[in-house]
Amino acid sequence: MNLSNGETSTVSGQNRNGASGSWEDTKRLVKPSTPTRKPQPALEAVNNRLRELYPQSEELFDVVLVTNNHAYVGLRLINTINHHHLLIERFCMTGGNSPIGYLKAYHTNLYLSADSAKVREALEEGIAAATMFTPEKMTEVSETQLRVAFDGDAVLFSDESERIFKAHGLDKFFEHEKAHENKPLDHGPLKGFLEALGKLQSKFFDKGLRMDCPIRTYLVTARSAASSGTRALKTLRSWGLEIDEALFLAGAPKGPMLEKIRPHIFFDDQMFHVEGAAELGTVACHVPYGIAQRAAKK
Amino acid sequence: MVSTVANVDVKQKDAEQALVVAISCSAVLEDTDDGEVHGVGVAFPLLQAVQNVNRRLVAANSAESLLFDVLLVTTDGRRQQSARIVSSTKHHGLEVSRFCFSGREDFVESLLENRVQLFLSAEPEEASQAWQRGVLSALLGRQTWSSSSEQLRVLLCGGDIFTTPANPTPAAQRFWSQLGAMRGRFGVLDSPVSVSVLTAHGGRQSFGDALATLRSRGLKADEAHCLAGAPRGPILDLLRPHFLLGDGGLER
Chain A
4 MNLSNGETST VSGQNRNGAS GSWEDTKRLV KPSTPTRKPQ PALEAVNNRL RELYPQSEEL
64 FDVVLVTNNH AYVGLRLINT INHHHLLIER FCMTGGNSPI GYLKAYHTNL YLSADSAKVR
124 EALEEGIAAA TMFTPEKMTE VSETQLRVAF DGDAVLFSDE SERIFKAHGL DKFFEHEKAH
184 ENKPLDHGPL KGFLEALGKL QSKFFDKGLR MDCPIRTYLV TARSAASSGT RALKTLRSWG
244 LEIDEALFLA GAPKGPMLEK IRPHIFFDDQ MFHVEGAAEL GTVACHVPYG IAQRAAKK
Chain B
2 MVSTVANVDV KQKDAEQALV VAISCSAVLE DTDDGEVHGV GVAFPLLQAV QNVNRRLVAA
62 NSAESLLFDV LLVTTDGRRQ QSARIVSSTK HHGLEVSRFC FSGREDFVES LLENRVQLFL
122 SAEPEEASQA WQRGVLSALL GRQTWSSSSE QLRVLLCGGD IFTTPANPTP AAQRFWSQLG
182 AMRGRFGVLD SPVSVSVLTA HGGRQSFGDA LATLRSRGLK ADEAHCLAGA PRGPILDLLR
242 PHFLLGDGGL ER
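Protein chains in written order, with the working numbering: chain A, 4 to 301; chain B, 2 to 253.
Source of the hints: derived by calculation from the structure; they are not laboratory data. Keep in mind that a hint or two might mislead.
Unchecked claim - A few chain B residues facing chain A, derived, Cβ under 8 Å: (1) 38; (2) 209; (3) 216; (4) 219; (5) 231; (6) 239.
As the list claims (entries may be wrong) - Label pairs and their computed distance ranges (CB to CB): (7) 241(B) to 127(A): 31 to 37 Å; (8) 227(A) to 160(B): 41 to 47 Å; (9) 190(A) to 142(B): 36 to 42 Å; (10) 142(B) to 244(A): 57 to 63 Å; (11) 142(B) to 202(A): 57 to 63 Å; (12) 282(A) to 56(B): 55 to 61 Å; (13) 278(A) to 186(B): 20 to 26 Å; (14) 185(B) to 82(A): 21 to 27 Å; (15) 240(A) to 124(B): 57 to 63 Å.
Fair warning: this is a prediction, and the values are worked out from it, not measured in the lab. We put the CB at the ideal spot given by N, CA and C, even for glycine.
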């Protein structure tokens with residue numbers, strides 16, 4: 004996405020954690036080029052529900068717009084945001100400095116950008132980040148329930164299993180996963196973000212709203228339910244994290260499944276899946292992490 | 002009684018054209034009884050940065066008259082140490098144009114007489130006194146010491162980033178346009194002076210208003226942050242300004 008001067012603007016999401024006085028984050032979808040879809044509703048809906056239930060709490064979704072632009076183009080940026088009726092209230096114009104320091108200062112839970120270099124930098128600093136790709140045509144998504152879909156390996160989990168698969172093939176992969184079924188996988192770059200979402204979800208669960216929770220999470224993985232999927236689920240359980248729906252595609256394309264789920268955002272480490280998802284109207288984000296990136300470079 | 006002494010070792014600036022900044026002596030030199038020379042105070046990196054700005058301005062235009070004109074002001078009647086103060090500033094390579102030896106009751110007079118546009122002090126009392134008489138003032142602190150010695154970093158901060166004293170002196174009123182002109186002498190990158198803006202409360206609306214006001218005063222800011230109520234500590238640690246102006250400035 005391009006805002007002013009042809010520069011790419013990036014979005015960082017944040018929550019405020021009232022308990023420790025520090026900041027968590029949130030995520031945001033900003034699509035100034037596609038005014039047919041207003042992305043705010045889902046996040047605003049979640050925030051409104053949270054405020055209703057916990058009026059004193061500051062644990063909400065919070066969005067900060069981060070740009071490398073200098074302040075003197077700030078007015079144009081504000082005008083653009085007003086024009087598209089985006090509900091962004093926090094801004095960080097770094098005047099050419101790297102945004103990474105600011106992301107850390109804000110305790111960013113998720114950093115989204117159209118600039119993959121910045122995303123890589125953020126990942127290297129341990130900040131959950133992904134490169135956004137806007138589909139040409141976006142499918143309709145819920146305005147009342149925020150849906151977030153994650154790939155498993157190299158997104159929520161480390162890329163260790165992908166390495167086995169790439170080095171030794173599918174059979175070895177299955178063997179390895181079966182043998183290590185009870186050994187939790189290492190965590191991946193977006194585990195923290197899932198955790199942050201989980202914290203907000205549990206605020207609804209605590210009020211008995213499990214069935215009517217305005218945040219829903221999905222695991223969309225090429226693993227198969229019969230075999231390699233078990234390790235994934237056990238890993239999540241060992242982390243104390245829940246995922247609402249786990250979809251084991253056993254290698255089938257993810258696009259059609261995502262079209263059914265209609266997440267507001269989907270994270271995958273492989274461009275093949277990101278593109279496939281975007282082709283069918285899902286907002287897909289690439290997490291440039293792990294072995295898949297080296298393979299892609301060749 | 003105030004006595005003002007020009008520093009013969011430093012080329013005097015054209016006071017009409019220059020940006021006159023006065024710094025309280027106690028912020029520049031430590032008050033040590035022993036030794037030949039005073040140690041440096043919290044404002045040392047700031048002065049080095051200011052000198053760097055002057056250096057770059059002159060390098061770009063040898064006839065430049067919009068320079069920082071630095072005055073050292075004593076506020077506690079340290080007249081008897083005046084020689085030591087002068088020699089200490091020379092020892093540390095500080096390019097002070099003039100020394101104003103005054104006391105607590107009359108230091109503000111010397112600020113007014115010298116048409117000081119900005120007064121910097123590490124003492125809240127002093128800054129407040131000057132402010133009440135219409136002199137634009139800012140507090141220095143620990144963050145001044147840990148800030149850059151190569152780039153002067155000014156932060157306009159608060160709900161109202163352009164807070165001025167109730168009856169601002171003409172000198173105070175000229176400060177913004179002069180600072181803007183000075184910043185404008187340099188390009189977007191590699192500038193020896195950086196102006197940042199931070200609105201603490203209020204959202205996009207007040208942020209936009211602040212940016213519009215900046216523009217109308219001819220001041221091109223480098224960084225701009227709209228916190229909308231977020232804690233400002235982490236961002237301040239990142240920005241490392243030498244001092245803050247605005248209504249968020251004097252409340253340290």
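Hints, one by one, checked against the model:
1. Given the 8 Å rule on beta carbons, the hint for residue 38(B) is violated: about 37 Å separates it from the nearest Cβ of chain A.
2. With its C-beta approaching chain A no nearer than about 4 Å, residue 209(B) sits inside the 8 Å limit, and its interface hint holds.
3. The restraint placing residue 216(B) at the interface with chain A holds, with a minimum CB-CB distance near 7 Å, inside the 8 Å limit.
4. About 11 Å separates the beta-carbon of residue 219(B) from the nearest beta-carbon of chain A, more than 8 Å, and the hint is not met.
5. Hint on residue 231(B) holds. Least Cβ distance to chain A is approximately 7 Å, under the 8 Å limit.
6. Hint status for residue 239(B) relative to chain A: holds, with the closest Cβ pair at about 5 Å, below 8 Å.
7. For the pair residue 241(B) and residue 127(A), the beta carbons lie near 23 Å from each other, so the given range of 31 to 37 Å is not met.
8. Between residue 227(A) and residue 160(B) the CB atoms are about 57 Å apart, so this pair departs from the stated range of 41 to 47 Å.
9. Hint check: residue 190(A) to residue 142(B), Cβ distance near 40 Å, so the stated range 36 to 42 Å holds.
10. Between residue 142(B) and residue 244(A) the beta carbons are some 43 Å apart, a value that contradicts the proposed interval 57 to 63 Å.
11. At about 36 Å, the CB distance of residue 142(B) to residue 202(A) disagrees with the hint of 57 to 63 Å.
12. For the pair residue 282(A) and residue 56(B), the supplied restraint of 55 to 61 Å holds, since their beta-carbon distance comes to about 57 Å.
13. Our hint of 20 to 26 Å for residue 278(A) and residue 186(B) is violated, since their Cβ atoms are close to 48 Å apart.
14. The supplied range of 21 to 27 Å is met by residue 185(B) and residue 82(A), whose beta-carbon atoms lie about 23 Å from each other.
15. Under the hint 57 to 63 Å, the C-beta atoms of residue 240(A) and residue 124(B), about 59 Å apart, fit the expected range.
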